[in-house]
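Turn these sequences into a full structure, and let the hints steer you where they fit.
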Amino acid sequence: PLLARKWVIGFSDATALLTAVEAAGGHAIHGPMVAHDLVREAEGAGFRHLLDLTAGRGWSVPIPTIFHPGQATGPMRGGCLTVLASLLGTPAAPVFDGSIALLEDHHEAPQRRVDRLLIQLRQSGALDGVRGLVFGAMDGCGSPAELRETILDCLGDLEVPIGFGAAVGHGSSNLAVPLGATAQLSLSADTGGRLIGREDGSVG
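With the working numbering applied, the sequence shown corresponds to residues 1 to 204, in that order.
All clues given are correct.
Label-pair distances were calculated between CB atoms; the ranges are:
{"hint": "1", "residue 1": "GLY56", "residue 2": "GLY89", "range": "35 to 45 angstroms"}
{"hint": "2", "residue 1": "ALA145", "residue 2": "GLY70", "range": "17 to 27 angstroms"}
{"hint": "3", "residue 1": "GLN123", "residue 2": "GLY98", "range": "16 to 26 angstroms"}
{"hint": "4", "residue 1": "ARG57", "residue 2": "VAL34", "range": "18 to 28 angstroms"}
{"hint": "5", "residue 1": "ALA145", "residue 2": "PRO91", "range": "36 to 46 angstroms"}
{"hint": "6", "residue 1": "THR90", "residue 2": "GLY192", "range": "29 to 39 angstroms"}
{"hint": "7", "residue 1": "ALA20", "residue 2": "GLY125", "range": "12 to 22 angstroms"}
{"hint": "8", "residue 1": "ASP157", "residue 2": "LYS6", "range": "34 to 44 angstroms"}
In case anyone wonders, no lab produced these hints; they're calculated from the structure.
For glycine and all other residues, C-beta sits at the position ideal for the given N, C-alpha and C.
Structural data, given as structure tokens:
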């Protein structure tokens with residue numbers, strides 16, 4: 001059962017640890033910090049979402065804004081954009097080949113900082129072969145219009161589904177996403193956007 005696993009859960013600076021744990025075959029969840037977020041929101045939606053995920057009851061994350069429609073399936077990888085960029089050139093550098101990338105951050109305004117980080121990931125080759133991209137709300141990183149322009153300028157030619165505004169990471173809500181677990185990204189102008197995990201919670 002999933003509850004028998006030893007999960008490492010966190011976000012923001014913990015992205016470095018999560019990336020290393022997932023790469024080593026461990027069980028990492030990008031989600032609320034136990035000492036801060038879960039204590040504050042013990043009865044909230046984020047906590048219930050985490051309990052459902054770890055109990056194997058399935059999970060999904062709504063994606064309110066669609067930059068590029070499409071469908072993609074693959075293991076989840078990612079975390080805080082600033083931390084991921086800082087890992088490039090190290091043994092823990094992120095590799096998104098065949099994966100759906102989850103990217104989030106906050107207070108990286110003006111948006112040219114986001115531009116620099118995305119270009120760094122792109123030119124390093126880390127995003128080669130990525131199957132889809134899911135961005136968090138990116139609070140404090142520029143206006144939605146500015147971020148849309150920046151993201152599409154940097155990544156639009158990848159021709160993969162791109163969603164924006166997911167309630168993950170920094171922000172008022174932080175829905176948990178298991179790294180390494182297979183998920184389906186569905187972005188449609190007709191039905192909306194959603195990231196859906198495999199109900200059995202299996203990884204790979």
